[in-house]
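First to last, the sequence lines map onto chains A and B.
Anchor point for the first sequence: position 3 equals 2 in numbering that gives the first Met the number 0, and the numbering is continuous, going up by one each time.
Anchor point for the second sequence: position 52 equals 51 in numbering that gives the first Met the number 0, and the numbering is continuous, going up by one each time.
Everything labelled a hint here was simulated from the structure, so no lab data went into it.
Be careful, since some hints might not be right.
[Unchecked claim] Here are the simulated lysine-lysine pairs, PhoX-like style, with alpha carbons at most 20 Å apart: (1) Lys-8/B <-> Lys-78/A; (2) Lys-407/A <-> Lys-93/A; (3) Lys-181/B <-> Lys-133/B; (4) Lys-15/A <-> Lys-78/A; (5) Lys-222/A <-> Lys-197/A; (6) Lys-8/A <-> Lys-93/B; (7) Lys-18/B <-> Lys-7/A; (8) Lys-133/B <-> Lys-222/B; (9) Lys-8/A <-> Lys-401/B; (10) Lys-78/B <-> Lys-15/B; (11) Lys-15/A <-> Lys-8/B; (12) Lys-78/A <-> Lys-7/B; (13) Lys-283/B <-> Lys-93/B; (14) Lys-8/B <-> Lys-7/A; (15) Lys-181/B <-> Lys-432/A.
[To be verified] Short, incomplete list of chain A residues facing chain B, as computed with Cβ under 10 Å: (16) Arg-173; (17) Ile-358; (18) Met-454; (19) Gly-455.
Beta carbons are placed, not taken as given, at the ideal position from N, Cα and C, and that holds for glycine.
Spelled out from the first residue to the last, the chains are:
There are 2 protein chains.
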Amino acid sequence: MSKKTHPKKIYLPEEKLPKTWYNIVADMPNKPLPPLHPATKQPVGPDDLAPLFPVELIMQEVTQERYVDIPEPVREIYKIWRPSPLIRAYELEKALDTPAKIYYKYEGVSPAGSHKPNTAVAQAFYNAREGVKKITTETGAGQWGSALSYATQLFDIELQVFMVKVSYNQKPYRKTMMNIWKGNVVPSPSNLTETGRKILAEDPDNPGSLGIAISEAIEMAVKDPHTKYSLGSVLNHVLLHQTVIGLEAKEQMEMADAYPDVVIGCFGGGSNFAGISFPFLQDKLTRGKDMRVIAVEPDSCPKLTRGEFRYDFGDTIGMTPLIPMYTLGHNFMPPAIHAGGLRYHGAGAIVSQLLNDGIIEASAVPQLESFEAGILFARTEGIIPAPESTHAVTQTIREAVKAREEGKEITILFNLSGHGHIDLGAYEQYLNKEIHNYSVTDDQIAENLKVLDDMGFPKI
Amino acid sequence: MSKKTHPKKIYLPEEKLPKTWYNIVADMPNKPLPPLHPATKQPVGPDDLAPLFPVELIMQEVTQERYVDIPEPVREIYKIWRPSPLIRAYELEKALDTPAKIYYKYEGVSPAGSHKPNTAVAQAFYNAREGVKKITTETGAGQWGSALSYATQLFDIELQVFMVKVSYNQKPYRKTMMNIWKGNVVPSPSNLTETGRKILAEDPDNPGSLGIAISEAIEMAVKDPHTKYSLGSVLNHVLLHQTVIGLEAKEQMEMADAYPDVVIGCFGGGSNFAGISFPFLQDKLTRGKDMRVIAVEPDSCPKLTRGEFRYDFGDTIGMTPLIPMYTLGHNFMPPAIHAGGLRYHGAGAIVSQLLNDGIIEASAVPQLESFEAGILFARTEGIIPAPESTHAVTQTIREAVKAREEGKEITILFNLSGHGHIDLGAYEQYLNKEIHNYSVTDDQIAENLKVLDDMGFPKI
Chain A
0 MSKKTHPKKI YLPEEKLPKT WYNIVADMPN KPLPPLHPAT KQPVGPDDLA PLFPVELIMQ
60 EVTQERYVDI PEPVREIYKI WRPSPLIRAY ELEKALDTPA KIYYKYEGVS PAGSHKPNTA
120 VAQAFYNARE GVKKITTETG AGQWGSALSY ATQLFDIELQ VFMVKVSYNQ KPYRKTMMNI
180 WKGNVVPSPS NLTETGRKIL AEDPDNPGSL GIAISEAIEM AVKDPHTKYS LGSVLNHVLL
240 HQTVIGLEAK EQMEMADAYP DVVIGCFGGG SNFAGISFPF LQDKLTRGKD MRVIAVEPDS
300 CPKLTRGEFR YDFGDTIGMT PLIPMYTLGH NFMPPAIHAG GLRYHGAGAI VSQLLNDGII
360 EASAVPQLES FEAGILFART EGIIPAPEST HAVTQTIREA VKAREEGKEI TILFNLSGHG
420 HIDLGAYEQY LNKEIHNYSV TDDQIAENLK VLDDMGFPKI
Chain B
0 MSKKTHPKKI YLPEEKLPKT WYNIVADMPN KPLPPLHPAT KQPVGPDDLA PLFPVELIMQ
60 EVTQERYVDI PEPVREIYKI WRPSPLIRAY ELEKALDTPA KIYYKYEGVS PAGSHKPNTA
120 VAQAFYNARE GVKKITTETG AGQWGSALSY ATQLFDIELQ VFMVKVSYNQ KPYRKTMMNI
180 WKGNVVPSPS NLTETGRKIL AEDPDNPGSL GIAISEAIEM AVKDPHTKYS LGSVLNHVLL
240 HQTVIGLEAK EQMEMADAYP DVVIGCFGGG SNFAGISFPF LQDKLTRGKD MRVIAVEPDS
300 CPKLTRGEFR YDFGDTIGMT PLIPMYTLGH NFMPPAIHAG GLRYHGAGAI VSQLLNDGII
360 EASAVPQLES FEAGILFART EGIIPAPEST HAVTQTIREA VKAREEGKEI TILFNLSGHG
420 HIDLGAYEQY LNKEIHNYSV TDDQIAENLK VLDDMGFPKI
């Protein structure tokens, strides 16, 4: 059905790599609410964050400036794999027999195989410039841990990664990848922290979660004045760095004489979703462009579609400030789905505000449908997507099928946030029919949210 | 040391994808010798090959034409990942402090993650056009098996892959990749063929080899008139298809105002080496260009550096015609190195003739040096190379270091034939110091070659 009027792959020349990131806060009608101190319920200031982050990142966390310069050394490293290609999904369009034009931005070309190095390199750079010698972090499926391993070794920074245990066991190659780039990695919960030891004492088989791993990484960082902490998603400065994706995509769509009616990204903490969508949302917010922007989560971790917009901890133990977020409650333990990077109980402040204001929408996808979409994508477009990214593929297929049924020639853009080469064990289980869908009951969610009521965390 | 005067990545526009492959036979001073029938020692004709290959591929096997058209449907599929990028290794140059300019062509961007789909798609196309419904093949590290799985499913052809057992166990994800693309795969030696059953009866723990796997695949193909066989290297038509790599690279080097003094490819059966080098060799053969062209093999399977140029079987059991090749003897069982794609006892007829005529040279690399090179490459250029490709990286590093010592500003081009995402188990063992070098004694080689004397296989 599709007509090949343009090249399949659209490359932006290297010299057109963006010189600034885009800060959507400047254009939001309702600004994101500030994080609160859990005891006083007062906004936390830059000083409260100083034990965790270098000054420059704290400034970026709160800046209202529309554009933030990308430091030249970071741009030089970006050029190792950026600008990433924008690809027209001619083969997928044909298989779906859809009148929709489908484009995807492919972030799997990076060293770690996902969008994560975009912020990892920036964070490592700012830490190094302020003399930091060691960083701690958490990782779900391992995308973030390997990205930060790659980035920290470039700046001679030591790294300790806490990897969610269920993913550590599912994806042993991720550990190797981190080791190749000099990262140290342990399964979380671990014996390296009080948090980990306490959880293991109560439940030696605890499969871990991003929330627990964050707690461990923060604990280790705050106990050592020479160690900082790094987060791969959720926070404003992380989302800021990822906007390089959408900024490139806008130029590339222009090269293809196209503009998206729908922009789609999978959703864990929000970083790849923000990366692809915020630069397009600028057109919606400032120029009234009509456009749907969809965040896609697994239906087994449905904070956007079934959670509550209120203050909650970013981690499980309660070491972070209270963040205004769509949340399932920080005690929510997501089922052991293979999209490890989407197993997080909350969403960042900016995305939550945008969702609450009706500027973006959300969708939830069952695990089996996501793998089915991943296989179709591999057989048509030739790229095996990461289990996280298959969620964006799934929503894209849904929209393209709807377009066929309605006879609408819409244009869809989605972010293929990473390849699935390290996740083939998950595909093996899918092909062997060894994995299934999970359901989360309303009672489960209500129970976890009630804890927040009991703790007096404000609703918004 | 390096100065960034050009972009790091050089993309050839899609419309400049070559329209023909280059056939080096047309320009060789001494043409490759014909394959012989093992009993009569007379040249085999096209009819002898008809049970194995479609007519068009048999014609390509013997053609003397300088250029062969790439069918338009094949070009359209190529565009899913081609033209592949040419990359300037600025970061590696800096780490080596070398005055050498290093470029690499990166074939890891293909669906299967290596150069193999270049010929897999072409072979599947010609088979489909001649009505073939099923294909058999062998695979070493799994690169070829997954490439052919990807290609055959595009043309609705069923595929049976025999995967060398040692690699099957080392790289379980390769099986999954083949399954995603509908390929059936068994470890070889297998119980599916008489050849396999016989070997297993004598030695149930036989680790397999490419030679054995080829025997199994051919046996299954010749027993069924509706089944053909497909080979991922060695043969002339396979090398022909791979020249798309070097043809693109020539245009990209021109875009970078550069021309290589040294061209390097790793060497198993010769396909990626031929792919990168033959189009440049054309300049050496027809225009007297001064250039070194180096085939790099593992020192544990040293057919080019320590084998003999003579007729031998292409497989272990003796189902193929006799091929004029540098060989270690078809009974040579290569040690279980991780570069599974390089564990082959012989070399193709064209490459062997070029080596014998002094037009190209060969080099051998120990396993540990190759992994060390792979790690340095991953830490600098950000790409984790396939264990096979690390052999090309190793030789490149040797040449770049020599250039530094001699103060020469040479230009090196090598083919990074694939990424190592599916081979991370090998890197894990290297990092854990669990792998080592292997030595092959002169006696071992002499013993295997004596078998050829006893069988009356001609020396050249």
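Status of each hint after checking the structure:
{"no.": "1", "hint": "Lys-8/B <-> Lys-78/A", "verdict": "holds, 8 Å"}
{"no.": "2", "hint": "Lys-407/A <-> Lys-93/A", "verdict": "holds, 15 Å"}
{"no.": "3", "hint": "Lys-181/B <-> Lys-133/B", "verdict": "holds, 12 Å"}
{"no.": "4", "hint": "Lys-15/A <-> Lys-78/A", "verdict": "holds, 11 Å"}
{"no.": "5", "hint": "Lys-222/A <-> Lys-197/A", "verdict": "holds, 17 Å"}
{"no.": "6", "hint": "Lys-8/A <-> Lys-93/B", "verdict": "violated, 30 Å"}
{"no.": "7", "hint": "Lys-18/B <-> Lys-7/A", "verdict": "holds, 17 Å"}
{"no.": "8", "hint": "Lys-133/B <-> Lys-222/B", "verdict": "holds, 12 Å"}
{"no.": "9", "hint": "Lys-8/A <-> Lys-401/B", "verdict": "violated, 38 Å"}
{"no.": "10", "hint": "Lys-78/B <-> Lys-15/B", "verdict": "holds, 11 Å"}
{"no.": "11", "hint": "Lys-15/A <-> Lys-8/B", "verdict": "holds, 13 Å"}
{"no.": "12", "hint": "Lys-78/A <-> Lys-7/B", "verdict": "holds, 7 Å"}
{"no.": "13", "hint": "Lys-283/B <-> Lys-93/B", "verdict": "violated, 30 Å"}
{"no.": "14", "hint": "Lys-8/B <-> Lys-7/A", "verdict": "holds, 18 Å"}
{"no.": "15", "hint": "Lys-181/B <-> Lys-432/A", "verdict": "holds, 15 Å"}
{"no.": "16", "hint": "Arg-173", "verdict": "holds, 8 Å"}
{"no.": "17", "hint": "Ile-358", "verdict": "violated, 35 Å"}
{"no.": "18", "hint": "Met-454", "verdict": "violated, 43 Å"}
{"no.": "19", "hint": "Gly-455", "verdict": "violated, 47 Å"}
Checked against the numbered hints above, the structure breaks hints 6, 9, 13, 17, 18 and 19 and satisfies the rest.
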